[in-house]
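4 protein chains.
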Amino acid sequence: MKIVVWNENRHEKENEVVSSIYPEGIHGAIQGFLEKEGLDVSTATLDEPEHGLTEEVLNHTDVLVWWGHQAHDEVTEEVAERVKERVLEGMGLVVLHSAHFSKVFKKLMGTSCDLKWREADEKERLWVVNPTHPITEGIGEFIELEKEEMYGEHFDIPVPEELLFVSWFEGGEVFRSGATFQRGRGKIFYFRPGHETYPTYYHTDIQRVISNGIHWAAGLATPKPVYGNAQPLEPIAGKTAAGR
Amino acid sequence: MKIVVWNENRHEKENEVVSSIYPEGIHGAIQGFLEKEGLDVSTATLDEPEHGLTEEVLNHTDVLVWWGHQAHDEVTEEVAERVKERVLEGMGLVVLHSAHFSKVFKKLMGTSCDLKWREADEKERLWVVNPTHPITEGIGEFIELEKEEMYGEHFDIPVPEELLFVSWFEGGEVFRSGATFQRGRGKIFYFRPGHETYPTYYHTDIQRVISNGIHWAAGLATPKPVYGNAQPLEPIAGKTAAGR
Amino acid sequence: MKIVVWNENRHEKENEVVSSIYPEGIHGAIQGFLEKEGLDVSTATLDEPEHGLTEEVLNHTDVLVWWGHQAHDEVTEEVAERVKERVLEGMGLVVLHSAHFSKVFKKLMGTSCDLKWREADEKERLWVVNPTHPITEGIGEFIELEKEEMYGEHFDIPVPEELLFVSWFEGGEVFRSGATFQRGRGKIFYFRPGHETYPTYYHTDIQRVISNGIHWAAGLATPKPVYGNAQPLEPIAGKTAAGR
Amino acid sequence: MKIVVWNENRHEKENEVVSSIYPEGIHGAIQGFLEKEGLDVSTATLDEPEHGLTEEVLNHTDVLVWWGHQAHDEVTEEVAERVKERVLEGMGLVVLHSAHFSKVFKKLMGTSCDLKWREADEKERLWVVNPTHPITEGIGEFIELEKEEMYGEHFDIPVPEELLFVSWFEGGEVFRSGATFQRGRGKIFYFRPGHETYPTYYHTDIQRVISNGIHWAAGLATPKPVYGNAQPLEPIAGKTAAGR
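Protein chains in written order, with the UniProt record's numbering: chain D, 1 to 244; chain U, 1 to 244; chain H, 1 to 244; chain R, 1 to 244.
Accuracy of the hints is not assured; some may be wrong.
As the list claims (entries may be wrong) - As a list, the in silico DSS-like pairs of lysine-lysine whose alpha-carbon atoms are at most 27 Å apart:
hint	chain 1	residue 1	chain 2	residue 2
1	R	103	H	224
2	U	13	D	106
3	H	107	R	224
4	H	103	R	107
5	U	36	D	106
6	R	13	R	103
7	U	36	U	13
8	D	107	U	224
9	U	107	D	224
10	U	107	D	106
11	U	107	U	36
12	R	224	H	103
13	H	147	H	2
14	U	107	D	107
15	D	147	D	13
16	H	107	U	123
17	U	123	R	147
18	D	2	D	107
19	R	107	R	224
20	H	103	H	224
21	R	107	H	107
22	D	107	U	103
23	R	36	H	107
24	H	224	R	224
25	U	103	D	103
26	H	36	H	13
27	U	103	D	224
28	U	107	U	2
29	H	103	R	103
30	U	107	D	103
31	U	2	U	224
32	D	36	D	147
33	D	103	U	224
Hints are computed from structural coordinates only; laboratory data are not their basis.
Please model the entire structure based on the sequences and the hints provided.
If you want it as structure tokens, here you go:
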């Protein structure tokens with residue numbers, strides 16, 4: 001299984017708080033804990049040619065992890081469409097935190113993906129509402145993060161196919177923090193935590209959920225369905241020569 | 001409640017079989033049976049300025065019914081985006097037959113919306129799989145259509161929020177023929193039947209389902225959620241002056 | 001539409017705090033605000049013969065509202081089964097607060113329906129996560145209750161068909177507070193608030209949600225499906241005289 | 001992973017057609033192809049003490065496969081409840097064909113689980129409607145069975161959490177043939193095919209689906225949620241000494 005971690009990688013260059021927490025970048029931190037599991041992980045970032053997501057790279061990617069925030073608009077329409085098409089063909093996609101507003105996620109959801117937010121160093125507690133799912137495997141009743149950005153309802157996404165986590169925030173809001181979707185032959189997992197100014201991706205439960213999500217999202221060995229004009233499988237009484 | 005029935009209205013101009021079945025156009029036939037119920041219904045077609053879907057028209061439309069087939073690409077990106085945005089704001093959308101491939105439906109679904117098809121004058125039987133839903137109210141166990149175009153699985157849509165009808169086809173396929181989705185504050189109903197060369201829209205059960213779908217899809221008097229930066233509703237111990 | 005509000009009606013007799021808040025009983029308070037809307041509402045309680053839920057009564061009930069807590073076990077198996085069967089035949093059911101543990105709800109869910117709870121006069125904020133549903137119509141972004149009993153995840157119910165409200169609690173938990181289910185031809189709405197020691201059922205938003213839920217749950221004019229041995233609708237090549 | 005295949009094992013004793021197709025019993029045939037995969041599989045049947053499902057056996061079972069038909073009522077209430085409780089605690093359950101009417105499945109679903117049926121040696125074609133699911137992995141667009149019993153809609157089950165297969169029948173019906181449900185911490189897969197008078201369980205695609213279903217349904221290493229009275233995780237302003 002080949003994994004690519006994509007990161008905008010701008011905050012790390014512009015903000016010392018972020019670069020001190022993530023000296024290798026958020027992508028580097030995620031690559032780090034995934035490689036410790038023995039996974040095959042490479043990275044790609046916004047400022048590389050084609051954002052590091054060439055046809056060649058995507059055609060050999062089983063699961064793509066996406067983190068973006070301030071520069072969603074700098075992702076070219078061409079690359080965003082290319083990634084979307086690969087998801088529809090079966091590439092898994094793990095969408096982290098502010099990537100709820102990425103072009104790729106919005107194209108796949110069909111909604112604004114808008115939400116409430118607040119930066120106030122407040123406590124978040126992610127409650128497991130589905131303890132039977134492989135993505136919550138090994139996690140206790142909740143994950144507690146001392147300081148995170150708040151995301152609050154209403155979260156303008158389609159009704160998730162599976163709701164896995166619901167967050168409680170110190171400031172009074174709740175949020176559907178872990179949700180899955182299918183699009184085409186691709187599986188998508190949205191996971192809320194991971195604001196750039198907090199060491200969230202060093203939290204072992206957060207790492208476990210992201211790793212579980214990658215394994216869940218990986219494509220399966222199922223033949224691609226056939227679309228288009230089809231010959232009948234059974235005799236048709238009234239069959240005519242009608243063509244399209 | 002204000003309803004607009006949109007139709008591509010090309011087959012009716014180019015094909016005598018179609019114009020003989022639908023002398024007022026498919027839009028005219030649908031408007032006809034809806035008005036018999038006392039509903040306020042107008043129509044719009046592809047060749048009108050802005051396809052008849054100006055900001056003014058859409059801002060006063062509660063439910064839009066959409067039929068298109070051979071000229072999906074002639075619908076301008078601007079109008080397709082405008083309609084999509086209105087759905088996200090709460091306008092109901094009833095998508096008929098080959099409109100599964102319309103720009104508007106594909107943008108809202110995020111998938112290819114592809115399927116199998118065959119024109120062979122074959123029998124279709126739409127089975128009700130959800131007898132508790134307002135859209136199937138008043139319909140018996142199934143609706144039988146002597147001759148229709150076949151649409152077969154796999155139908156490349158997101159998992160429907162509600163599956164209402166499953167079709168049996170004489171030639172050996174099945175199809176998820178009636179399905180609902182939510183996007184933003186808008187409700188969407190996809191209903192399969194209605195190939196232009198058959199008098200499907202004169203079938204009283206088909207009319208009942210479309211009418212039920214319109215009533216189900218109409219927007220509700222619920223305040224629009226507030227998005228963006230939010231003040232805390234509860235005191236936050238560690239609150240800082242951190243801004244974005 | 002005929003509505004019956006069922007209440008255990010024991011706390012009201014044994015606890016002065018409860019009887020001072022609900023002098024007519026919880027059932028009386030609910031009947032009161034529903035009748036103000038012009039609805040046809042009667043009540044039934046545990047200590048009546050057959051708990052007030054005779055065949056005669058149930059056969060003429062469109063929607064049953066259920067509140068119970070300390071005496072779930074005193075509801076006879078016969079009446080619990082009778083109510084369950086009526087729901088499967090199309091009677092709507094609105095399940096309030098501690099009725100999550102009622103025999104009827106547990107039989108319909110197939111799970112333990114267990115949860116976390118705490119009585120600490122704490123604040124609850126019910127967030128609307130589905131602003132397109134008729135049950136949330138007219139409600140703002142959330143409903144705030146100054147003091148309520150806490151119910152916390154994990155709530156051991158099947159995955160709801162529709163999730164409408166998620167509660168935030170002052171003490172740190174979240175809860176899926178408004179959820180819908182279908183069983184047979186019946187529609188079920190579970191709504192969390194309403195501990196007996198608080199005046200929750202006098203809150204106008206709570207009243208609106210219960211009223212919306214009753215209208216949503218009311219049965220529809222759809223024929224009952226036919227079950228059992230069926231004759232073929234199409235010729236079968238290999239048909240034999242095989243019997244069961 | 002420990003698998004137990006339970007079978008009523010009555011048709012095999014009473015009907016020569018069945019015993020000639022399944023000389024080792026349906027349970028033996030299923031055990032046979034599962035063991036070829038190297039799985040640890042034992043069997044249990046109705047006429048064994050406690051139907052072969054003692055506390056001891058169930059406590060060491062990860063996934064239970066269930067086939068029953070003519071003697072559902074002979075399964076004792078005690079054993080049916082015991083199996084149900086084990087599913088709620090996390091044991092996977094694969095429910096085959098006429099076991100839709102088993103006590104265990106009906107208790108877990110909360111509905112009648114009724115359907116249409118016909119024995120006419122007719123063709124069934126199971127179409128994959130979800131090609132992204134591990135249970136459909138490796139299966140093509142459909143599975144064709146030359147002769148099977150027909151099961152037709154309406155199938156009176158709760159809305160499946162995941163719909164995987166839809167069957168087309170020669171006689172004109174459709175059926176939701178593969179569906180998943182969660183109850184408590186247990187995962188349930190219902191799979192339609194397998195009438196006793198046909199060699200369905202020797203079909204390699206049917207074997208693959210049952211095997212996939214078993215792997216999908218196996219319990220995960222997630223801690224059991226804690227239920228009951230809970231201490232607050234956060235300070236509560238209005239906290240009182242109120243007890244229950």
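Here is how each hint holds up against the structure:
no.: 1; hint: R:103 - H:224; in the structure: holds, 23 Å
no.: 2; hint: U:13 - D:106; in the structure: violated, 38 Å
no.: 3; hint: H:107 - R:224; in the structure: holds, 22 Å
no.: 4; hint: H:103 - R:107; in the structure: holds, 13 Å
no.: 5; hint: U:36 - D:106; in the structure: violated, 40 Å
no.: 6; hint: R:13 - R:103; in the structure: holds, 22 Å
no.: 7; hint: U:36 - U:13; in the structure: holds, 26 Å
no.: 8; hint: D:107 - U:224; in the structure: holds, 22 Å
no.: 9; hint: U:107 - D:224; in the structure: holds, 22 Å
no.: 10; hint: U:107 - D:106; in the structure: holds, 10 Å
no.: 11; hint: U:107 - U:36; in the structure: violated, 33 Å
no.: 12; hint: R:224 - H:103; in the structure: holds, 23 Å
no.: 13; hint: H:147 - H:2; in the structure: violated, 32 Å
no.: 14; hint: U:107 - D:107; in the structure: holds, 7 Å
no.: 15; hint: D:147 - D:13; in the structure: holds, 22 Å
no.: 16; hint: H:107 - U:123; in the structure: violated, 41 Å
no.: 17; hint: U:123 - R:147; in the structure: holds, 22 Å
no.: 18; hint: D:2 - D:107; in the structure: holds, 24 Å
no.: 19; hint: R:107 - R:224; in the structure: holds, 22 Å
no.: 20; hint: H:103 - H:224; in the structure: holds, 26 Å
no.: 21; hint: R:107 - H:107; in the structure: holds, 7 Å
no.: 22; hint: D:107 - U:103; in the structure: holds, 13 Å
no.: 23; hint: R:36 - H:107; in the structure: violated, 39 Å
no.: 24; hint: H:224 - R:224; in the structure: violated, 40 Å
no.: 25; hint: U:103 - D:103; in the structure: holds, 17 Å
no.: 26; hint: H:36 - H:13; in the structure: holds, 25 Å
no.: 27; hint: U:103 - D:224; in the structure: holds, 23 Å
no.: 28; hint: U:107 - U:2; in the structure: holds, 24 Å
no.: 29; hint: H:103 - R:103; in the structure: holds, 17 Å
no.: 30; hint: U:107 - D:103; in the structure: holds, 13 Å
no.: 31; hint: U:2 - U:224; in the structure: holds, 20 Å
no.: 32; hint: D:36 - D:147; in the structure: holds, 26 Å
no.: 33; hint: D:103 - U:224; in the structure: holds, 23 Å
Checked against the numbered hints given earlier, the structure breaks hints 2, 5, 11, 13, 16, 23 and 24 and satisfies all the rest.
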